[in-house]
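Take a look at the letters that make up each chain.
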Amino acid sequence: MAFLSFLKKGKKRSPGRESPDRGILVFENTSEVIRAENLLKSVGWRIRVVGPPPEIRTGCDLAIEFPLIEELNILRLLREGKLSPLQVVPVDRPLLQPVDLFQIKDFGRYMMVRAANMKLTVEKGTLTIVNVSGGGCPDVPYLAKEMVGKTLVEAPSPRDIGHTLCGYSLQMAYEEMKRRCSR
Amino acid sequence: MLAVVGTVPEEDFPLSTGPVHLDHDCIRIEGRSIPVNRGTPALLAAAIKAGENLGMSPPFAYLIGDTGLGRGSRRLYEHLAGCLGQTEFRAITFHYLLPDVDWHNRVLFAVEEMERRPILIADAGFMYAAKMSGQAESYDLFTPDVGELAFLADEEAPHPFYTRGFILHEDNRAPELIARAYEHHNGSRYLLVKGARDYVACSEGIEATIDRPVEEALEAIGGTGDTLTGIVSTLIVSGMAIRDAAIMAAKINRLAGKYAYPTPATQVMEVIRFIPRAMEVAIKSEDP
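Those protein sequences? They're chains H and C, same order as listed.
So in this note's numbering, spot 14 of the first sequence is number 14, and the numbers just go up one at a time.
Just add 1000 to the spot in the second sequence (first one is 1) and you have this note's numbering.
If you are wondering where the hints come from, they were derived from the structure by calculation, not from laboratory data.
Where hints are given, some of them may not hold.
Among chain C residues calculated to face chain H with C-beta under 10 angstroms, some are [what the hints assert, rightly or not]:
#1 GLN1086
#2 ASP1102
#3 ARG1106
#4 PHE1109
#5 ALA1110
#6 GLU1112
#7 MET1114
#8 TYR1128
#9 GLN1135
#10 HIS1159
#11 THR1163
#12 ARG1164
Here are the computed lysine-lysine pairs in the DSSO-like style, where the Cα-Cα straight-line distance is at most 30 angstroms [said to hold, decoys possible]:
#13 C:LYS1258 - H:LYS124
#14 H:LYS178 - H:LYS145
#15 H:LYS82 - H:LYS105
#16 H:LYS124 - H:LYS82
#17 H:LYS150 - C:LYS1284
#18 C:LYS1284 - H:LYS105
#19 H:LYS145 - C:LYS1258
From chain H, some residues computed to sit far from chain C (all C-beta separations above 10 angstroms) [stated by the list, open to error]:
#20 ASP61
#21 LEU62
#22 VAL99
#23 ASP139
#24 SER169
For glycine and all other residues, C-beta sits at the position ideal for the given N, C-alpha and C.
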C-alpha cells in the first residue's frame, strides 16, 4: 500500500479525521486520477486517493485529496502535465478510503492475491501471471487479456493501462504479489 | 428469450445487437467475432451451451467495446434507455458496464415501460450501479462473489473498492453478510453468492447451500463467475423458478469445473466445454 500512503513531506494525519483544510480534485475518469496521483507524488506532494462525497459520485469514482492551501501550485503542476480536474471541492468530513486488506491463497505451484474484488494468480516458479479474476468494470477483461501469459516483469502495470476502480484494485493486488515474490 | 447486456474488451468494437452464436472459442454477433476469454463473452458462451442442451434459441445480446474509459458503456446505456421499452424478453441479464448511477436509472425506467416486465438479473458493474442507486430491490437476481457480497452488505460503499475493512470478505461470514445486505435493502429478490460454498438466499434467509464438488482452483480462474450467471440466466428463461434455477446452475458450474480438471492456470473456455455434460448429470441427479 505504499502508493496509497501519504508521502513523508509534512506531518502525517490520521485517516478518517475531519480535515477542513483539505480539498479534493475530481477528474473525468480514474485513469486521469492515476496520472495525477503519479505526477503529484513524484514531486513530493502530500496527497492520497479517496472516494468523493456522495453528492458528486457517479458510479466508479476516485478523487485526490490534497492540502487546500496548495491549490494554485497543484493546479499549475497539473496543467503542466496536461491534466485538468473537472472540479476542485473543499472537504470537511471523512471520505471513503480504498480497501487495504489483502487475502492470499497458496495453491502450491500457484499463488493468488486478492485486493477488494480483484484476484491475481501467478505461477510461483516462473512468476507468470496465469489468471485474473473478479471485478465488474469493463477494463477487467481488457487487463486480463494484456496481462495473462506474461511474467510480473513483462506484464503492463494495471496502473498504466487500467481506467477504473477495479483496475486500481488489480494494481494493489499486482503490487502485493510483486512484493511477496521478491522476498 | 434471454437478453444479455455487456461489453467486450476492444475499444473500437461497435454497438452490436442480435442473436449470438458460439463458433469454436469465439462468440459471433452481426458477423463479428470475439474470443471467449472472460466477462460478457464468457457469460454468453455459457448461456449458449446451456441453451443448446435445452433446445432453446440463442440469447439476444446488446454488446459494445469498452476498455474501461466508459465511452462504450455510456453509448450502450443511451441505446438501452431509448429502445428497451419497446422490446419483449423473458429475462434480461445486465453485466460488465462501467457503473453509472444516472444511466442505470434511465435504463431501469425504460424497463418499466416494457409491456411485460422481464426477470431482471444483474452481475458485475451493472450490479454495482444497481446497488449504489438504491434500486437493488428492483432486481430478481444478483450473482455476487464473496467480495461483492461484502460490498452489498456495506451500506456505505459505492463500489467494492471502498468496502470497509470491518466487513471482512470471508466465505464463512457469507450468511451474516447476506443478512446485512437485506437489512439495508441492498439485496435483490434472490441472491446467488458464488464462492468456495455457493449460497442461494432471499430476504427470508438462506434457501440452499451448494458445496459439492469442491474445486478450489475455480476461484482463481477468470470467468467462472460469468459462466454461472450465464447458466442461471438460461435456466430461468427455460421456465425454471429462480430459486431452483440458481441451485441447479451452481451444481452445473461446479460439475463443469470438476470435469475440466482445473488448475489455477486453466482458462474459462476449458470449463465451458463441459457445461453440456455437467447439465446432463445435474439434471439426471434431480430426477426421482
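How the hints compare with the structure:
A cut of 10 angstroms between beta carbons decides the hint on GLN1086 of chain C: the least distance to chain H is about 26 angstroms, and the hint is violated. With a least beta-carbon distance of about 7 angstroms to chain H, the hint placing ASP1102 of chain C at the interface is held under the 10 angstroms criterion. Interface restraint check: ARG1106 of chain C against chain H, minimum CB-CB distance 13 angstroms, threshold 10 angstroms, status violated. Hint status for PHE1109 of chain C relative to chain H: violated, with the closest Cβ pair at about 17 angstroms, above 10 angstroms.
The interface hint given for ALA1110 of chain C is violated, since its Cβ lies 18 angstroms from the closest Cβ of chain H, which is over the 10 angstroms cut-off. For the restraint placing GLU1112 of chain C at the interface with chain H, the shortest Cβ-Cβ distance is roughly 20 angstroms, beyond the 10 angstroms limit, so the hint is violated. Hint on MET1114 of chain C is violated. Least Cβ distance to chain H is approximately 24 angstroms, over the 10 angstroms limit. The beta carbon of TYR1128 of chain C is positioned within 10 angstroms of a beta carbon in chain H (closest approach about 6 angstroms), and the interface hint is therefore held.
With a cut of 10 angstroms, the hint placing GLN1135 of chain C at the interface with chain H is violated, because the nearest CB-to-CB distance is about 13 angstroms. At about 5 angstroms, the closest approach between the beta carbon of HIS1159 of chain C and any beta carbon in chain H falls short of 10 angstroms, and the interface hint on this residue holds. A least Cβ separation of about 6 angstroms between THR1163 of chain C and chain H falls short of the 10 angstroms threshold, and the interface hint therefore holds. Here the hint on ARG1164 of chain C is kept, as its CB sits about 8 angstroms from the closest CB of chain H, short of 10 angstroms.
For the hint linking LYS1258 of chain C to LYS124 of chain H, the alpha-carbon distance of about 23 angstroms falls within 30 angstroms, and the restraint holds. A hinted pair counts as satisfied when its Cα atoms are at most 30 angstroms apart, and LYS178 of chain H with LYS145 of chain H qualifies at roughly 19 angstroms. Distance restraint check for LYS82 of chain H and LYS105 of chain H: the Cα-Cα separation of roughly 41 angstroms exceeds the 30 angstroms cut-off, and the hinted pair is therefore not satisfied. Simply put, LYS124 of chain H and LYS82 of chain H have alpha-carbon atoms about 40 angstroms apart, too far for the 30 angstroms limit, and the pair is violated.
For a cut-off of 30 angstroms, the pair hint linking LYS150 of chain H to LYS1284 of chain C is broken: about 42 angstroms separates their Cα positions. Note on LYS1284 of chain C and LYS105 of chain H: the hinted pairing is violated, with a Cα-Cα distance of about 34 angstroms set against a maximum of 30 angstroms. At roughly 24 angstroms between alpha-carbon atoms, LYS145 of chain H and LYS1258 of chain C fall within 30 angstroms of each other, so this suggested pair holds. For ASP61 of chain H, the condition that its CB be more than 10 angstroms from all CB atoms of chain C is violated, with the nearest at approximately 7 angstroms.
At the 10 angstroms boundary, the C-beta of LEU62 of chain H falls inside the reach of chain C, the nearest C-beta of that chain being 8 angstroms off. Chain C draws VAL99 of chain H into its interface by the beta-carbon criterion, the shortest separation being 6 angstroms against a cut-off of 10 angstroms. ASP139 of chain H, annotated as away from the interface, has a beta carbon of chain C within 10 angstroms; the closest lies near 3 angstroms. SER169 of chain H, annotated as away from the interface, has a beta carbon of chain C within 10 angstroms; the closest lies near 5 angstroms.
Hint compliance for this structure: hints 1, 3, 4, 5, 6, 7, 9, 15, 16, 17, 18, 20, 21, 22, 23, 24 are not met, and every other hint is.
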